[in-house]
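The lines below spell out each chain.
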Amino acid sequence: MAIATRGTASNYLQRAPSPSGLADVLDVILDKGLVIDAYVRVSVIGIEVLTIDARIVVASVDTYLRFAEAVNRLDLAQTETAGIEELREGGSAAKRKTEGAVEGAKEKIPGLKSDKEHSR
Amino acid sequence: MAASSATSTAVYVYGVVRADELRAVAAEGVAGTAVELLEHDGLAAVVSKLPAREFRVKRRDLQRHLQVLEEAFAEATIVPCPFGTVVLSEEDLERVLLAERRDELLAALERLEGEVQLNVKAVYDEEELLRELVQLDPELERLRIATKRLGDAGYYEQIRLGELIAAAVSQRRETDASRLLGQLADSTDDAVVEAGGAYVAFKASFLVSRKKLKTFDKALERIAEAEQPVMRIEVIGPVPPTAFATPAAGG
Chain A
1 MAIATRGTAS
11 NYLQRAPSPS
21 GLADVLDVIL
31 DKGLVIDAYV
41 RVSVIGIEVL
51 TIDARIVVAS
61 VDTYLRFAEA
71 VNRLDLAQTE
81 TAGIEELREG
91 GSAAKRKTEG
101 AVEGAKEKIP
111 GLKSDKEHSR
Chain B
1 MAASSATSTA
11 VYVYGVVRAD
21 ELRAVAAEGV
31 AGTAVELLEH
41 DGLAAVVSKL
51 PAREFRVKRR
61 DLQRHLQVLE
71 EAFAEATIVP
81 CPFGTVVLSE
91 EDLERVLLAE
101 RRDELLAALE
111 RLEGEVQLNV
121 KAVYDEEELL
131 RELVQLDPEL
141 ERLRIATKRL
151 GDAGYYEQIR
161 LGELIAAAVS
171 QRRETDASRL
181 LGQLADSTDD
191 AVVEAGGAYV
201 AFKASFLVSR
211 KKLKTFDKAL
221 ERIAEAEQPV
231 MRIEVIGPVP
241 PTAFATPAAG
251 G
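First to last, the protein sequences are chains A and B.
Read in our numbering, the first sequence has 104 at position 104, and its numbers run on one by one without any break.
Read in our numbering, the second sequence has 224 at position 224, and its numbers run on one by one without any break.
The set of hints was computed from the structure by calculation and includes no laboratory data.
Note that this is a predicted model, so its numbers are computed, not measured.
Treat the hints with care, since some could be wrong.
[Said to hold, decoys possible] Covered stretches of chain A (chain B as the covering partner; in silico rule of three or more C-beta atoms under 8 Å from a C-beta of chain B):
#1 18-31
#2 63-72
[Unchecked claim] Just a few of them, taken from the derived set where beta-carbon distance is under 7 Å, the chain B residues facing chain A:
#3 62
#4 65
#5 67
#6 166
#7 224
#8 247
We put the beta carbon where it would ideally sit given N, CA and C, even for glycine.
Extracted from the complex, chain A is given alone in its bound form (with noise of 0.2 Å):
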């Protein structure tokens, strides 16, 4: 679960050529482009879902306390000293675990989940 991703050496600054995970296909195409007057356009099903979905920000209670957990969780006194190799997967490591959650989210549209050939 708890994946620390220190800036090193190795992954300070991470490059990917074109976006792989579905969060960063998403930030490319959804809502972004030469839109087309809408008398003339078709609604697509789905599409309204997925753009709820790729807008997760709250300032809330829960928000509150999850800050408060999170630093409840640092411990301060003690310096980790994570092996190299454990810093190098840190990062697609987390990488993987957020492109999970946004899947997982997913899963929960019908339109999407018929898609059986590419779901994982």
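Use these hints to put chain B onto chain A, whose structure you have.
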């Protein structure tokens, strides 16, 4: 709803190029269709015909849309359309887009010529950031110790602590974002900044000239080096300039 989309005339649109810059796109279109070019007076819309049945978005279609854009972008300057752009008929598309908005499209193609988009995200390491914030503010440290001692009984202290942390994070985010965006301004032609998550210092799409790609990368490297281990930089691209298709979005 999409009742009217269940006809064979509906056209899915990926974007617009100059007709002489792109011959064909081999990649499969959404719903597994073939990609075609619909030409009109020197402009060409990259399209595919939707099957007669109702079109429902599938996860795979997101990838297909992107791949079509990427293939076209490898050959030509493209003004991309958002995912899910479907019009009723080829005639509508020709009239409403290629004819009526011809000037706008030509201007956009000119503006985007030789330009690529890079999506950059600066992400805080939660632990490193929080540790730094707590160490800088005695009140946070006091509350941290208090809530830890009180456990579940300290519900209100926890909320108070969280509230203060949220404020500190957001302030930090603001300072970092404006400073770092400023450092990238020299090597970029335009930028669109978006809201990110709680631990995202900034998330932005940059319009960068191909000639300045190296300079831009160097600038990112400098930032990443200076800000670690509290921050990590993720860059994706070059991708087609989806965030800069309209001047309004690009500023």
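message: Tell me if the interface restraint on residue 247 of chain B is satisfied: Cβ within less than 7 Å of some Cβ in chain A.
response: 11 Å, violated
- prompt: Hint check: is the beta carbon of residue 65 of chain B less than 7 Å from a beta carbon of chain A?
  reply: 5 Å, holds
- prompt: Are three or more residues of the region 63-72 of chain A within 8 Å, CB to CB, of chain B?
  reply: Since three or more residues must qualify, the claim that chain B covers the region 63-72 of chain A holds, with 10 doing so at under 8 Å.
Verdict on chain B covering the region 18-31 of chain A, criterion of 3 CB contacts below 8 Å: It holds: at least three residues are needed, and the region 18-31 of chain A offers 11 whose Cβ sits within less than 8 Å of chain B.
- request: Classify the hint on residue 166 of chain B as holds or violated, based on whether any CB of chain A lies nearer than 7 Å to its CB.
  value: Hint on residue 166 of chain B: holds, closest Cβ of chain A at ~5 Å, below 7 Å.
field: Hint check: 7 Å Cβ-Cβ cutoff, residue 67 of chain B to chain A
entry: Violated, about 9 Å.
- prompt: Do the numbers back the hint for residue 224 of chain B, that is, is its least Cβ distance to chain A under 7 Å?
  reply: 4 Å, holds
message: Would the hint on residue 62 of chain B be counted as holding, given a Cβ-Cβ threshold of 7 Å to chain A?
response: Cβ of residue 62 of chain B sits 5 Å from chain A, so the hint holds.
Hints 5 and 8 from the list above are not met by this structure, while the remaining hints are.
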